[in-house]
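Residue numbers (our numbering), protein chains in the order written: chain A, 1 to 400; chain B, 1 to 400; chain C, 1 to 400; chain D, 1 to 400.
None of these hints come from the bench; they were simulated from the model. Keep in mind it's a predicted model, so treat the numbers as computed, not measured. Some hints could be false.
Copies of the same chain look alike in the list, so a pair counts if it works inside one copy or between any two.
Pairs of lysine-lysine, BS3-like flavour, derived with a Cα cap of 30 Å [what the hints assert, rightly or not]: (1) Lys59 - Lys131; (2) Lys72 - Lys167; (3) Lys167 - Lys286; (4) Lys65 - Lys189.
Here is how the chains run, residue by residue.
4 protein chains.
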Amino acid sequence: MKKLWQKENGKLNEFIETFETKDDLLLDQKLLKYDIQGSIAHAKMLYKIGILNFDEIKKIEKGLKEILDLDKKGSFKLKFGDEDVHTKIENYLTEKYGDVGKKIHTGRSRNDQILTAIRLFSKDKLSEIQKQILGLVQGFQLFSKKYGNIEMPGYTHMQKAMPSSLKLWSESFKDSLLDDLDLIKAVYKLNNQSPLGSAAGYGTTLNLDKEYSAKLMGFAKVQNNPLYCQNSRGKIEGAILASLISLLQTINKFASDIMLFTTSEFDFFKVEENLTTGSSIMPQKKNIDVAELSRSKVHLVLGNYVQIASLSSNLISGYNRDLQDSKKPLIESLEITLDSIKVTRILLENLFPNEDGLKSSMTEELYAADQAYELVKKGMSFRDAYKQIKEGGEKDENKH
Amino acid sequence: MKKLWQKENGKLNEFIETFETKDDLLLDQKLLKYDIQGSIAHAKMLYKIGILNFDEIKKIEKGLKEILDLDKKGSFKLKFGDEDVHTKIENYLTEKYGDVGKKIHTGRSRNDQILTAIRLFSKDKLSEIQKQILGLVQGFQLFSKKYGNIEMPGYTHMQKAMPSSLKLWSESFKDSLLDDLDLIKAVYKLNNQSPLGSAAGYGTTLNLDKEYSAKLMGFAKVQNNPLYCQNSRGKIEGAILASLISLLQTINKFASDIMLFTTSEFDFFKVEENLTTGSSIMPQKKNIDVAELSRSKVHLVLGNYVQIASLSSNLISGYNRDLQDSKKPLIESLEITLDSIKVTRILLENLFPNEDGLKSSMTEELYAADQAYELVKKGMSFRDAYKQIKEGGEKDENKH
Amino acid sequence: MKKLWQKENGKLNEFIETFETKDDLLLDQKLLKYDIQGSIAHAKMLYKIGILNFDEIKKIEKGLKEILDLDKKGSFKLKFGDEDVHTKIENYLTEKYGDVGKKIHTGRSRNDQILTAIRLFSKDKLSEIQKQILGLVQGFQLFSKKYGNIEMPGYTHMQKAMPSSLKLWSESFKDSLLDDLDLIKAVYKLNNQSPLGSAAGYGTTLNLDKEYSAKLMGFAKVQNNPLYCQNSRGKIEGAILASLISLLQTINKFASDIMLFTTSEFDFFKVEENLTTGSSIMPQKKNIDVAELSRSKVHLVLGNYVQIASLSSNLISGYNRDLQDSKKPLIESLEITLDSIKVTRILLENLFPNEDGLKSSMTEELYAADQAYELVKKGMSFRDAYKQIKEGGEKDENKH
Amino acid sequence: MKKLWQKENGKLNEFIETFETKDDLLLDQKLLKYDIQGSIAHAKMLYKIGILNFDEIKKIEKGLKEILDLDKKGSFKLKFGDEDVHTKIENYLTEKYGDVGKKIHTGRSRNDQILTAIRLFSKDKLSEIQKQILGLVQGFQLFSKKYGNIEMPGYTHMQKAMPSSLKLWSESFKDSLLDDLDLIKAVYKLNNQSPLGSAAGYGTTLNLDKEYSAKLMGFAKVQNNPLYCQNSRGKIEGAILASLISLLQTINKFASDIMLFTTSEFDFFKVEENLTTGSSIMPQKKNIDVAELSRSKVHLVLGNYVQIASLSSNLISGYNRDLQDSKKPLIESLEITLDSIKVTRILLENLFPNEDGLKSSMTEELYAADQAYELVKKGMSFRDAYKQIKEGGEKDENKH
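The following block holds chain A by itself, in its conformation from the complex (with noise of 0.2 Å):
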């Protein structure tokens, strides 16, 4: 398909062609629907400052909801040859409805095209991880108030080191996730500004409705400088990136933790066995592979953010290309935490304690700090109680 900015006998060379575009194409896919709403809201703008007329909107709202409805089915489908969605979108227009296809692209460039529909498809992901974040909590409440008052030990340096329960432990991930909660709303609101206007990041001497725009499609708010339009990319996603790796972080401590007190040595807690995955080889296996799985995420994720934050610096201000390639690790950050969220709620819902288990790991050395605070209630000072109890504790062990 023709290129916007293509002569008649122009080519590119096809090898750099596919260089280019080939994954990014694919990318394109996930933000057509994005990409649709930011047109619609910039096409009814248009009209409202009097650049389209009444007919002319009316046709570009109906052309894009077919593409929405092609979407949908499969059947709009971006292939070599096209350059990207924002093109293909415009192309389809002019061929169907005619020049008025021709003036969706007034007031705006591909740079704040694209950058409008990242910023859609990251407040719509952000969005329902904050939901599934707030069920996550509910389940660890819920798995506290079942099993709360079951005592567990506390480790340090992977040692046993002090009594403690189920509730501690549970509600520990409970209060990280609500942490991570309020990282993810500040990020959300960081992602929370409209670039559309800002086209190729100066602005045009059209007399465009910002406000207008950013308030169809939701945003708070207009972000006005438009070179900071352009500037901002790399940042913000990155920014979103650090709030998921927060977030896989609690991920990946309660998986490590369920891998360590699964294994047959602690014992401490079953998995449903319609979770468990089988071995090729050895008949016996039982593995917790989703556990696993979900605890390599936040290095993923740590990857794509150094590829975002790495690639973006050093350069001038202003759009350079390199930024397209941020798109892949955001879309994919962003998918990654929400599958992540969703099966750690799953592995939640279907872990059991093993009371006996965890009742015999109660062994008395957990008590040994417990045993110098009552000496401290008598008024022994601190130090002096500890070396009591460590004393007694050594002569026990020599005696063994």
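Given chain A, work out where chains B, C and D should sit, using these hints.
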């Protein structure tokens, strides 16, 4: 110096001890004043709940203030054989004031003690960073006010694209900084919870008044779940660093622009000579090393972030000593960032537009899109206007 | 499709299954031909040691070649419900050729099977990359031969520093590529060990001939310790990526130069128009996006490296399913790198020096150090010569 | 102290100077002896080509050796106001020996001088690391010889999988280390090229004998292209760090195993008490902090690698001062790695298998795959044998 947990004849392998404490003691030195702050709050709380009497609390306060004074004079140096700052302080108090020193550790562990000191350090640095950001924002506003109406080319793909101005350019940094500030406020809030009283991560059987000690240290709230206190290590530090990265991305962008725009080929700006450095071999050089060295800082903090996020993952709940290695990247990153804002401000204040250079760079092709918009205003569709201008431009080019 | 380990009525939670296999099946499709190569070698070895008879090995070879043909036509697609490529192959053989299919897995595990396929994939791609590097080296040599004696300024701190030439410049990339090649050869050797026969990581009690199967697949040696086979996952992949990063740093440097040296301000080079892309809004633009998109690739592979190194750390010995998530960054990075060398070659072949631009940029200050050297040749100490030239330059400057 | 490029009344802004040199002076102190080694070689070469006379070379050698002695005694401390190690040395020579000091810099720049010192430092540390690896390899061999025939469970997915042994386990580390050694040798070779004589990156018009000075310093060859000398900064350092990461991954795996296998729940090993540390609050604790702190090191070097790879990308050819920030991650990483191997050796030598614990952990389910192989040896297909054993195991389980 004797470790708190050491038996009379116990002795840690010396090379192992060096490995475990060498760098850490230097960092603890930086944390000393925050550790004292935490210790005073803890002691006052112990007095409030009746574990220390009036005489004891006075001695402790006196002793801690002495240490603070010694530290200011550089006479309280941590050195090899001192396990850590906490131990050295306890030993000082015990030596000088007797048994009361042995009581200071009642109801806390080095786990919550170091965490408290780190949080206080971060609070302090993050506050200072916020102030400095506001100063830099003012700097860009002033620059815009002074020089804003000078025109400059706007670039995309490092090619001249559209007309821009020093106003647009300098205010893009201002807006970027204000967004960075919001992120830093969010992590400041996250960090602003007191872990004191969580002990080794499983609380104590003593009736500590955590609200009271939190209030004394100026924390907004208590971090209630003691296990989460430990599990948030690595997570909160990571979130802090991510917010610094955002800020350093802004500084990186500014420095990248400066490096390009001060080349003799672009020649848009001059920098005051006492900010430039020379070459040992090329007599003519006046290099703006400060822009290069502030450009590089985002990468340093990015690597530090990877350290913290990576080392704290795949670990089970509770304290693991791996976390000690998160202190250095945190402390260094906060210091690096603070210095970077300050030098950026100095650089900005010593930056002077070269009006002639800028004027002569405002060449005709920058106005091509604007010309297309003029045709749009007369009713032509944007795509047709674009084509008409494009073809005109190419004819001109061919004439040459 | 039924899993190898599945009981009659067992059923893995569907969302969990999607989470565990979704992306992985796409990757396995890319590995299919390498998996077949490994399976043929394994079957031949089983025949050699008497576990398969002549009839059975013929059937298996026939079946595996059928799969290879189907795959070429795109008719052997892995889809949801297929656990992985190994299982799908075993199931195909069993359905079509009966009991013999059930024997193909004798003495191996999916753990060593996937590792074998990954190693073969890497061998293949690394060989191709080595060839492409040599091609690119030739490209730079040719460029140097054609244009080498054209002078250009040499830069330090992005400022004009010393006289240079297109020969010096283009051959710097050639030398860099030759060093990259050495690193890639080193990791090729590291990767060139056969893990087949290590089974789940603890060998088997069968008398497998690992030397024989290794030889059939073209490996230089057997990786003998079966536990190390598993433990090297993440490590060998990481080493491969690090060598690719080195190569992509060379490409990044070239692309960075191109982006600067083709600005209208520098104007040292022109690029053939069919390698440039236009703008949707600015009719005049001819952007060299291919340089930007090859510049960004080192960052992508750097992030992929972080993923692999981070996810495989803090894990105990033996297979952990987290390692599955190292497949994607490995496979993508090898593909990205291969494409990047190819487009760099195309870019280089379509790069033309602008002799006038280069000539006029050879201004006087570039020769200051050379002037100092002339004084040195006459016996002055270098530092005094330097000062004399420096002061002269500054007087000249003050005259203007 | 006066900078080499400084005019009489020029003065660099003090805060800027601190920002630019603070950390760097500490690093330069570590490089001093390597810088002297490079300077001696350079001076001898200048004598060989007739730029220095016999008297001058003697004075310079004498002066440089004085500096070396002063440095050993700690009396040649770089401090604020010294620009860098090169400048301080030149100034010392000039003060003490007059004009000859002004000649030492003839034909070189601080750009190639620092690069030379860094390469020499890396050569030295990489050699030492290679020796230490061989020592550690011996350690594992000895361990295997002593304890190799003790059985231990093999794990996959952290679950008991197959029978293993201390031989298999300890030799997996030995094999891993030998592969790491090969990678380190490859980067040693890469690093083993002399950049001296490349000056600022564009050579000199003097007839330097680069082969001669390279030979004096023990380099295997000259890095010929002067621009590539500069462009390889960041790249060679990155390659070195990647090879260290490989080695630290091996150490991380060992440390991860130790942390798990010394829990009271697993109880496979004991560690000599003088390697363990206690708790300030829990009298009973004996923690193996050294395993945790060697486990964390791969993450530190990974982050350092990100710093170097990221900060040196997106920069044009030639020296950019950003590169100064690659010194610290390089130097620290080499030191960290060297210490980590040493402590790992100490840990290994103080590790004792608990034969009873290991024996009792060799439970029946570990032999399930072996049982299936027994049926295979009798002629059953592997998949049918697998199913038969699996169903048997599940019946047994249901009985309980």
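**Study point:** Copy assignment of Lys72 with Lys167, given that the CA separation must stay at most 30 Å
**Key:** Cα proximity of Lys72 and Lys167: none, with 45 Å in one copy and 44 Å across.
Exercise for review: Measure nothing new, just compare the shortest in-copy and cross-copy C-alpha distances for Lys65 and Lys189 to 30 Å and report within, between, both or neither.
Suggested key: Answer is within: at 29 Å inside a copy they meet the 30 Å cutoff, but 44 Å across does not.
Review point. Taking 30 Å as the upper bound on the Cα-Cα distance, should Lys167 and Lys286 be classified as within, between, both, or neither?
Key: The answer is both: 27 Å in one copy and 27 Å across copies each meet 30 Å.
Check your understanding: With identical chains treated as interchangeable, where does the CA-CA distance between Lys59 and Lys131 reach 30 Å or less: within a copy, between copies, both, or neither?
Key -> neither (37 Å within a copy, 52 Å between copies)
When the structure is compared with the earlier hints, violations turn up for hints 1, 2 and for no others.
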